[in-house]
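Whenever a hint applies, use it, and build me the whole structure from the sequences.
As they're listed, the protein sequences go chains U and R.
To convert, count from 1 in the first sequence and add 1; that's this note's numbering.
To convert, count from 1 in the second sequence and add 349; that's this note's numbering.
The set of hints was computed from the structure by calculation and includes no laboratory data.
Mixed in with the good hints there might be a few duds.
Said to hold, decoys possible - Taking lysine-lysine and the BS3-like style, the derived pairs with C-alpha atoms no more than 30 Å apart in a straight line are:
| # | chain 1 | residue 1 | chain 2 | residue 2 |
| --- | --- | --- | --- | --- |
| 1 | U | K137 | R | K456 |
| 2 | U | K218 | U | K248 |
| 3 | U | K855 | R | K368 |
| 4 | U | K855 | R | K363 |
| 5 | U | K190 | R | K386 |
| 6 | U | K279 | U | K214 |
| 7 | U | K895 | U | K776 |
| 8 | U | K289 | U | K248 |
| 9 | R | K363 | U | K410 |
| 10 | U | K308 | U | K704 |
To be verified - Partner residues are not named here, just some residues of chain R that face chain U (Cβ under 10 Å, in silico):
| # | residue |
| --- | --- |
| 11 | D396 |
| 12 | A399 |
| 13 | P405 |
| 14 | T407 |
| 15 | Y410 |
| 16 | A413 |
| 17 | T414 |
| 18 | F415 |
What the hints assert, rightly or not - Example chain R residues on the side facing chain U (calculated, C-beta under 7 Å, incomplete):
| # | residue |
| --- | --- |
| 19 | I392 |
| 20 | L406 |
| 21 | G411 |
We put the CB at the ideal spot given by N, CA and C, even for glycine.
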Amino acid sequence: MSMIKITIDGQILEVAEGTTILEAAKKIGIIIPTFCHHELLDIIDGAACRICLVEIEGAKSLAPSCAIPVTDGMVVYTDSESVRSSRRTVLELLLSKHPLDCMTCVQAGKCKLQDYCYQYGVKSANFNNDDEKLDKPIDHTNQFYYYDENKCILCGKCVRVCSQLQQVGAIGLSERGYNTHVAVPFELKIKDSTCVSCGNCVSNCPVGALVPKRKEKFRYWETNKVKTTCSYCGVGCQMDLLVKDNKVVEVQPSDKGLANNGLLCVKGKFGYRFIDHKDRLKTPLIKKEGKFVEATWDEAYDLIASKIKVAKEEFGPDSIAGFSSARCTNEENYLFQKLFRGVISTNNVDHCARLCHASTVAGLATTLGSGAMTNSNFEVLNSEVIFVTGSNTTETHPVIGSHIKQALKRGAKLIVAEPRRIDLAVHSDIFLQITPGTNVALFNGLMNVIIDENLQDKEYIEKNTENYDELVSVMKDYTPERVAEICGIDAEDIRKAARMYASVDKASIFYSMGVTQHSTGTQGVMSISNLALLCGNIGKESAGVNPLRGQNNVQGACDMGALPGDLPGYQKVANPDVINKFQKAWGVELSNKVGLTVTEVMTKGSEGDLKVLYVMGENPMLSDPDINHVKEALEKIDFVVVQDIFLTETAELADVVLPAASFAEKEGTFTNTERRIQRVRKAIDCIGNSKPDWEILMTLMNKLGYDKVYSNASEIMDEIASVTPSYGGISFDRIDQEGLQWPCPDKDHPGTKFLHKDGKFSRGKGLFKPADYIKSAESADKDYPYILTTGRMLYHYHTATMTKRVEGINRLFPHSYMEIHPTTANRLGLEDGSKAKVSSRRGEIITTVTITDKVEEDVVFMPFHFADGAVNYLTNSVVDPTAKIPEFKVSAVKIERIKD
Amino acid sequence: MLKDAKIENFDDLKIIIDKHRETPGCLMQIMQEAQQKYGSLPIEVQDMIANELNMPLTEIYGVATFYSLFTLEPKGEYNIGVCLGTACYVKGAQAIIDKISDKLGIKVGETTEDGKFTLEATRCVGACGLAPVMMINDDVYGRLQPKEIVEIIEKY
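Listed below in structure tokens is the structure:
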């Protein structure tokens, strides 16, 4: 790129061609004022506010520096008298309509209009005309923020953020000239718009027009910012917690966020009020005669230690099991499995990845050698074709969903294969509305076409893969016609999708639980991997196989060995060298017997073979399939410990409950879905008597006779790095500003943006592992004639322990609901909003009906977040034989109207 | 089209959209033809254009409210546009408007109860030589005197 020499305010500098004057000035520390500028927004509909005007020598008039690229020899003045006077005029014009109420305005201290008026000495509007002052009503209808049109300066930034970055387009500029205003179409209220409450407009509003609803009064200058990683979902958004008086009062996206580009979703932006909710557990509780009694930490520790000791002595270490937590930090997950393996001497440690991506970890490790997302979040922006299957991305990973939609605007094509007409399906080029549980058939059908039409990447296959012949022979039977019948779609669409996927250089696949949560989940994952290998779509930028991980640190919890067969870094317990290595590192004896999975713990528990269960930050009483069975197991296990931030449905059944600190109260790291290890920072003191999970685990280890003491989380990470090759180069110092992506084997390694580069797989070559389509364990029949599939929704997170305590969210979605097709509803006499009884072979619940054509006839959908009408009373606990993941996605149910 | 006419048939709109959808920048053309068809661009029409073109409704609504020739409300059978451009204004266009208001009992921007006339003040219609100018649908009346108004309107 050629360099251009320019002079700004007397300083000569060289910048790359295409740099704007604004950017060039910034490079030498000259900050030009802006209202509407945002570095990620397209300038074509920008340059609206005119506060960034500068003087260019030889030009007839002042020019907007945000929109003008530099030219060779350009001489610019950013602060000449004519510039200053024009800025004053702009400010005076803005003030002519703007209320002068800074003393009571909540935005004071973060308001650019206020700051610039101060900077340029503008006290009042010279063009003031009281008749022109607006007196528009404030729109309070959104649960999380309000819109005060009277304060809007019409810079249009919110509109551009909403349409270009969030890709929702809920608000726009309507009318023109003096009447121009930001509005929802047809002047409806915000609650009636397509707004998804992401709050990115609010974060970017330069004045007090779009403002978060808040409970406490504070001034921005009274707060301090603590940069941390969001504790919802696997995207790993970087954000700042604003803290005043030991209380988080607001959340803003962090400027630099390699995972989220300055965007947040409704949960990240507005879902922080659980942190100091009155329901937080503040002291240990011990159950006595069926009732919880407050206890001291020492009483609780001693009781737990003695119960563990007795069970270990009497029934052996394998009578004890633990569920680690995908919500806790890497350091805590590491200590949890160390406690179980090193101190209790059992590999009975697992966590909820068993319920979401166990099949990914098993499947991709087999075919590629590594069970994680191959590429990075932002690479999707340059994908040519994006294939989304089994993921409702815009709701479950909202920021990645927005990036997928941004890619579409840049010209990418989108294929969606899903049982529901989700938001992305509406924006797709090809939508395959498949019957739940027919993924493997679909992937096979796509591969059949690609092989049949010679669209595969033969050179890549030859050089980098093995077992291709078996793939060809298995795929032969999956003609588009046969697959179309299995999946309930059109054969021609299968052909079109296959051609579209195979026709470009960079095609990426995004998938999630719609693929993994089946009794054939591992085959589904391996089939995706086959498809990508077939077209040479692994090992390059903007392509790959991308499992979107559900919880904030589910990737990290797996990495840290919270799995019954894996020590940290997926080092197998079955490998004697691995056992030797860890015995030496930890100075203890280790068991080489693979432990019990979450699902197996429930079976063993209900059979009476388990004596102690330790649950950290998990809620199986809502999240696991067949809740009646879970309850039976938990009641049968002699001693249950639950360590959590709230008294969850599971904690209610515990014998001891330990109050843990939330993510805002501790130090540590989370590893997001793209393998990026990022810092979590303490913003406030622990609530009540709660303690960070790692401190609790360490104390228990010590009580059980293992004397290792860590003085902070950083020391734990150093130990992790010393025993985990893929984390070898990670330390708190190195990731202080920006996270690193594993594998990062040593201190000089820059981290790995995408895996399997140049056909080098961690297992050697990429392995084709073809699978035949097998039907789901249950299908609709005479007694249970409908197929129920489950999933998540935008506003709630997992079992809603946190989100239901965020008032706005709870007001919007307080209880469970079931999406049902109008025809099915009509047949059953159900109306929108009416109550229905839904039952399966395992249980029954009552829920509220939502009629929508998002689902197909005879298929119903329910989110699993809610305790009230919990769908997991109905789901099937049958598991995938390899990964032991339950088949949440397909249950046969019966639906009955409840008469009022 | 009468004021409270309901849109019953969207097939015509689909035909209009399909005719233009491949042309870059087709939105204005579609909106114009849709308005000709339905008399205005109510939410149902804009919604359908948005869905068919996979475009946010805000963008369409923004265009619809930006251009004064688009309307969200149905207009009268006859649209009376009195030019308020500089030349017409100087030549007494305000008196023409007042006279029409008087005669029809409506203010600028309103439609008569029977749905027959809508009165609008327009920007320059490009016939300054004939100032002051009034248009009733496609008929142009120039060099107007207020006393001629009643007779002209009664022709409709």
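Check each numbered hint against the structure and report the violated ones by number, ascending. 8
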